[in-house]
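Chemist: These are the residues of each chain, in order.
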Amino acid sequence: MAETEAPRPRQRPIVRLGIFLISHSFSFSVVCCTAGVLALLLLPILAKNTYISENALMPGSANPMLSNQDVLEANRFVKDLIALNSKPRGSGIESQRLIAQYMKDLGAEVNYHKFHPQITQFHPLQFFSSPDSGTVERNISCSFHGVNTVGITRAPRGDGKEAIVLVTPYNSQKIKQAEALSLGTAYSVFSLLSRVTWLAKDIIWLVSDSQHGEYAAVSAWLRDYHIPMFTRLHTVNAETCPDINYLYDVRDNSVTGRKIYDGFKRAGTMAAALVIKVVDRSETFDDNLNIYAEASNGQMPNLDLINIVNYLAVHRQGFRVKVEKLWSLLDSKWLKNLGELFESVGQVVSSINPQWKFGIPAADYTEGIATLASSLYNQALGVPTGPHGAFRDYQVDAITLELSPRASVDKIIRQNDFLLRGGRLIEGVILSVNNLLEKFHQSFFLYLLTSPGKFVSVGVYMIAFALLVAPLPMVAASLYADAINLNSSQNNEKTVADEPGTALRSLKWVNAAKKVFVVHLWGSVVSLLPYFICQIPNRSPTVSFIIWFLLSVLSFFIMFLILASPFSHAKESQLHLREWAILKSVTMSATFIGLCLMSVINFSTAELGGLLLVPMCLMAQPMRRDIRVGSLSTLSRLAYNLVFCLIGFPPVTFVLLKGAFEGFNSINVGDFWCWVESLWAWSSATYLYIEGILYLFGAERGSTITRNSRSEEAYLAICQLVLLILCVDSFRKVVHPHMVRTVRMLNHCIVLARSL
Amino acid sequence: MAVRPLRQFLLLYLILFCRFFYSNAALGSVTDEEEFSEELLLRPLPDRKVLAHFHFETRAPPTASNGRHHHLFPKAISQLVQKFRIKEMELSFTQGRWNYERWGGFDPVPSNNAKPPGVELWAVFDVPHYQVDASWKNLTHALSGLFCASINFLESSTSYSAPQWGFHSASGNLRYGTLPREAVCTENLTPWLKLLPCRDKAGISALMDRPSIYKGFYHSQRLHLTGKGFDSDGVDSGIVLQQTLTVVLQPNEKRTPVTSLETKFQPSWSLTSIFGRKVSGSCVLAKSSTVYLQLDRDLVAELKNLQKHNEIAVAENVNYEGLRSGYGFQLSVEPDKVLEEVNGSHGTSPSLLYVFSVEKHSESEPFDLGLTWKIPVAWSCQQAPLHASRFLMGSGNERGAIAISFESTRLSEWLLHSDAIDSCELPVKIFQVVPWYIKVYYHTLQVYVDEQQQAISDVVDKIHVSPSEDKVSPGMMEMILKFPCRMKSAVATLEFDKGFLHIDEYPPDANQGFDIPSAVISYPDFYSSTQFGDDKSLEALPILAKFQENNSVVSYTEVLLVPLTTPDFSMPYNVITITCTIFALYFGSLLNVLRRRVGEEERFLKSKDAKKGGPISQFLSKLSAKLTGRPLETPQSPTSTSSSFISSKLILKVVLVAGIAIVWHFYLE
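Chains as they are written, first to last, in the working numbering: chain A, 1 to 756; chain B, 757 to 1425.
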């Protein structure tokens, strides 16, 4: 052999390092994956305390002006609202009219906003178009509408360029005590704000009619605010509905002579939005404040907004602030053990050097993990956790504040106290936001919360992800290198001057990529199937799920027939093995690229996807060979593969998760359909992702049935391209604005470089 | 003792001389004397607020007649006019928004004095075309110094425009610019007051208590200058300087728990309660010093209406109080005159004007006008024919649209003859300036009337567009739309792309967004003149003369805030880092290529490989071979290079250094 004669010249260190890593890819991938998971578990310990980054906010620098007088008026308002319940229903908008009357008495500009909640219609191309263009023509029955009430207080000396939005969802058909209280809280603040002179931004109070869902009402209003329709389309509907017109016919002819304007009132660019909800959970200890922040596709509001709420609630009004947690995790044994382990490690470390701060109490750790998990889950799912999600679609920072009073609020004194403190909290937040000269930009947009006062920033959590996916390119490279070597050694053995073969050797991956692409194409076809299933009338979730499943399997076989034919000539198992290695390496590269892109768009989806996909990718082996060899290790690997694919199959994952949290007895196949349907409705990136895993499983199934090991790695390919599709989609929706910015930055770089 | 008579004599002589001089001058022309008059118009507003409109007018005769010296007229202003040959100029500083819906938009006060937030400046020059821009630049700097404001930012060509016909009839020599973000405060008011002969020391201007007027809901100080036009030989014919201050104030009222609205009185107020001061006599230099109280047409009609219901009570009141009280309210000072509006066409009751002369009041008997309501009354102000508002559409940093929406206030039907209503058209003139980084596509103009899209040719009567030029000039659009009088609502939309600025063009608060200045909406067929009485003597009162001018109704829309993409401003640092790295890489590899000798290197490596193979390294390579489970004859396989990567020396060195570091850290500190 040529290599043995003269030692090859030593390569440069970086190349040697690369070769070293590739040649030890197995141990390297084990170490990296373990480190990735460990780093994820370490995140609560690495979390930093939040701090208010924007100096202009100055939370709590002024004494609250909300007085008992305001609260008394709010009480009157609450009483009037609740009294409406006992009255006979008239035209159905008594509550709106009452609210409007109260707003008008405060000198606010009032208008009604009637809307038809958009029907959640899955549209295949909706993913690839901007969210704005989702206006589908609607044939709506008259009964299916809601009426929002909007009051606007103009800043006395402001220029009206910016506005702050207060949202209070309530059910106009049946007003509960808690909802009335949330309205009362907002009313007390609004009445104060209509008198103060310090306002620089207009205040919009949106009382959203949540009888068709809280989100629908808010998003309908936002849509009309930002993308109004000027054509006659929906007014035709309104004219046919007598009760809607009735809304405007009965105009109150009060002494002020001001009528309720029937147009749409606006107040400039929105600076921030607060959704106020009161729930009657009767906490035993303290008044609670829950903060919900996750918007669609894992977008978060600026951390400063959460910070000021947290600061004011804790340090000024004495609320107990909470962020959503996965409660089931709190009781888990292994987490507690892990927390204790970390705690003891921290103690050891601090005994070595007291300056090293490492480790937190085990209880804190468990809570942090639970919060982190819920935050990851919500971000990954891409479904907003409340009406605030609608604002993020228009680049407005918004959060939901869910207040829950201690004990019950039946007692009037207790209720007054609650209203006063809730009102003062909101007043303080508005005062801070009002101070802002620029929109929120100082603090983080990419973060995970581990508690209301602690966060993990993007620089820290990306390490865990990077460690997790680092093995993929390494293993891909080593597989590829092995395959090439195998090829060349074969050629040498044959000693055939197979010149065209060696020339084509470097193009092997093109063939594999073609295969991967075809499988992805199939995946996208399957992801479009639900659109056609939706067209079928009178379907139950279970039926549609089964149809979908059958169609997917069917289309898989069709694809398999087409795809299998070009392979039929490959007989030699060694050659087959080589092809398989190249295919796997291409698949892994695609996975890697897809996951990395995804992590830029929605970290949580990428992280959870990585946790599922990376082990699957690394362990995948042709089954037939495993079975043929029949040793313990290969059989265990086979079993592992099968189990992992089963878990990775979305319906199974869904069922498992649901079972873990709610118990297995209430499970129905149709649930999955409902869940997927809800994901479309939010045009969640996760939907596509789930589709991706679904095909993966489908492919795997197909391969097991036909016992044809060749198609096995196709399943890996599928999910990857779906990931890519998903990236393209999210790219349009989420990244494009950033992209413009990036391009601009590059431009600046060039300009600056030139000037240097 | 002899001194005093002498002094008296001199004084007398002086006075006589002056008299003589002045009478001589007066004989020549009526306007030859410099005049100053001060007036204040008060008007209750429907939403429990009070409008106070100060109007000061200073006239200077042509310079030819009295040289360069002035008695009353501010010299700074006259020099300004002389130097830049200003035909007409208006500068306004405004804080807050005029609420067109509640405070009205039709009569002369809002039409002339409701201004966009910030600074607005326009000027017509009497110079050749090519000099206009230079004059404008100099003027902005001069005004900026005079009024302590950053008016000089209007100097750059990206911030002003030259409207043809959309804003003002004077074409060619008109320049128009706004600074929507300019904050207005006392530092701007003080130089403005300095132009008054009595400043705020005496007369009506003494009412301007800073905390009270800046506490208001709207505050606009305006300076309007009319050089009466230069003749062909360069002799000017006098300058008129109008200074107005329009404030909307809320009278103090006790906060009562909100009860049913039916019993809610309008707040009663007096000058003391809204300004905290009284007028103690007029400014002695003023020719006239008058305070007016105006009651809106609708208010008068409403009062009359109420009066009809309670006939008897009214009779008593009139007998008892005379002019001092109308039905439903009472004034604390007897008015000198009550003027009634002469209105021809509209069939409503005329607006009432109570005239009070301040001259007869003095320190001992200050003037303190008060208005006390006796019955609750509600009315609304007269609206402009359409209520215009402007808003942004779309989201994201890429593109958007500007929409101007018009809501009919039904005035047009009421004003125009009802028989011609079907065929009549309502022209609306729109003047809109857009900064260059908002790239408006004028071809995307769409007009919807009553929620139906109209062909542009049907609606647009006349249009003139000067597109923006990047970093040179703003885009400007002048347009006349013709709407049917029956129309309920209309919307005009224009799409735009958001542009990019260079990094040093961003203002310090770039993340706030960028302003699109107010659009000017005017209605050429509607005139905002109000005429009080046919009496010629009334024309001597400047504010009434102003009311009578036949100006078309003008309103301004909101200022819009467009968020643009902003770079990370710490980026220059990153750029420097990246650039340096690239340079280092470039020079490093270049040097490497230049000084490397391949043959020598290979020889060196060979000799090194031959030497290789200490006992420790062999042991280590065996160990690593065992660990990886590969055969020991690794030197042949490609992995040999990798296992030799860990040279024993290197490991030894690393361990040594680490050990020293640990020891040093824990034991030597």
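Wrong hints could be hidden among the right ones.
Taking lysine to aspartate or glutamate and the EDC-like style, the derived pairs with C-alpha atoms no more than 16 Å apart in a straight line are [what the hints assert, rightly or not]:
1. 1034/B to 1121/B
2. 1020/B to 105/A
3. 265/A to 857/B
4. 265/A to 1163/B
5. 957/B to 1119/B
6. 87/A to 105/A
7. 839/B to 889/B
8. 104/A to 857/B
9. 1130/B to 1058/B
10. 1238/B to 1154/B
11. 1227/B to 1260/B
12. 104/A to 803/B
13. 1238/B to 1253/B
14. 1218/B to 1181/B
15. 1195/B to 1253/B
Treat the hints as calculated values from the structure; they're not laboratory data.
Small disclaimer: the values here were computed from a predicted structure and weren't measured.
Chemist: Given the hint that residue 104/A pairs with residue 857/B, test it: the Cα-Cα distance must not exceed 16 Å.
Modeler: Given that 16 Å is the threshold and the Cα spacing comes to 14 Å, the pair holds.
Chemist: For a C-alpha distance cap of 16 Å, please report whether residue 1227/B and residue 1260/B respect it.
Modeler: It holds: about 12 Å lies between the C-alpha atoms, which stays within 16 Å.
Chemist: Residue 1130/B and residue 1058/B: Cα distance at most 16 Å?
Modeler: Holds: residue 1130/B and residue 1058/B sit about 14 Å apart, inside 16 Å.
Chemist: Check whether the Cα positions of residue 265/A and residue 857/B lie no farther apart than 16 Å.
Modeler: holds, 12 Å
Chemist: Below or equal to 16 Å on CA atoms is what counts here, so check residue 1238/B against residue 1253/B.
Modeler: violated, 27 Å
Chemist: Residue 104/A and residue 803/B were given as a pair; does the straight-line alpha-carbon distance stay at or below 16 Å?
Modeler: holds, 11 Å
Chemist: Run the distance test for residue 839/B versus residue 889/B: straight-line Cα separation, threshold 16 Å.
Modeler: Between residue 839/B and residue 889/B the Cα gap is close to 14 Å, so the pair holds against 16 Å.
Chemist: Take the C-alpha atoms of residue 1020/B and residue 105/A, compute the straight-line distance between them, and say whether it is at most 16 Å.
Modeler: holds, 11 Å
Chemist: Is the straight-line distance between the alpha-carbon of residue 1034/B and that of residue 1121/B 16 Å or less?
Modeler: holds, 10 Å
Chemist: Keeping to a limit of 16 Å between CA atoms, is the pair of residue 957/B and residue 1119/B held or broken?
Modeler: holds, 13 Å
Chemist: Between residue 1195/B and residue 1253/B, does the CA-CA distance stay at or below 16 Å?
Modeler: holds, 5 Å
Chemist: Assess, step by step, whether the Cα of residue 1238/B is no farther than 16 Å from the Cα of residue 1154/B, and give holds or violated.
Modeler: violated, 32 Å
In summary, the numbered hints that this structure violates are 6, 10 and 13.
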